[in-house]
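2 protein chains.
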Amino acid sequence: MKPVNIFKSIPSDLEEEFTELITQNENIRIERIVSKGHTSPASGWYDQKEDEWVIVLKGAAIISFENDGDIKLGAGDHMNIPAHTRHKVKWTDPESETVWLAVHYQGITD
Amino acid sequence: MKPVNIFKSIPSDLEEEFTELITQNENIRIERIVSKGHTSPASGWYDQKEDEWVIVLKGAAIISFENDGDIKLGAGDHMNIPAHTRHKVKWTDPESETVWLAVHYQGITD
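Chains Z and F, in that order, are what the protein sequence lines are. Numbering of the first sequence is given in this note's numbering, commencing with residue 1 and proceeding in unit increments. Numbering of the second sequence is given in this note's numbering, commencing with residue 1 and proceeding in unit increments.
Bound-form chain Z, shown alone (with noise of 0.2 Å):
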């Protein structure tokens, strides 16, 4: 059993958005995902079927949500988005990584 850092190994080309499976099994999925400017699609919401927590561990990135407009998260700034709660990623920080942590999880409702 070893840590592994959250901060680190994070890949020198991030031409795309870098998403990360830490564990997963049939109830949960952990991901780490690094962004640098990346965004959602333009047109679209996400729209999941499960839970999601999220936190922002370093950087900065505004969520737009489809009833409650944007929130800006900054670094230890978690929310619950539950599921079908349509939102997308407006905007993440250009000039520097982005970490996040997110767990999905089904819901008691699914």
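Some hints here could point you the wrong way.
The list cannot tell twin chains apart, which means a pair is met if one copy fits it or any two copies do.
[Unchecked claim] Derived pair list, reagent style DSSO-like, types lysine-lysine, alpha-carbon separation capped at 30 Å:
(1) K2 / K90
(2) K90 / K49
(3) K49 / K2
(4) K90 / K72
(5) K58 / K8
(6) K36 / K90
(7) K72 / K2
(8) K72 / K88
(9) K88 / K36
(10) K49 / K72
(11) K36 / K49
(12) K72 / K58
(13) K2 / K88
(14) K88 / K49
(15) K90 / K8
(16) K88 / K58
Quick caveat, the hints were computed from the structure, so don't treat them as lab data. In this text the structure is predicted, and so the values were computed from the model without any measurement.
Given chain Z, put chain F in place with the hints provided.
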């Protein structure tokens, strides 16, 4: 929907270790833990029926594993602790807060 910052709203009185539920359902439980010199009881081990993924977001800690010895965790270090992996928190920094995030989740084998 409003984000909460994991590094803020830390109780000034940390005589006891502080554990706070962030979100849960029947499959997972996400907790914030704030330690300041706190450790597990001197005798015995944690022997959990659920898997646990843990990350130190700030501060420093040492987890002792019955079969793997001591593992030191600093800011950003994370690891998965499978169910029934006997362990204890041997040390946390007594000088400043250590902020942990723990995701307890039901394993496939449970």
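List in ascending order the numbers of the hints, as given earlier, that are violated by the structure.
Nothing - there is no hint that the structure violates, so all of them hold.
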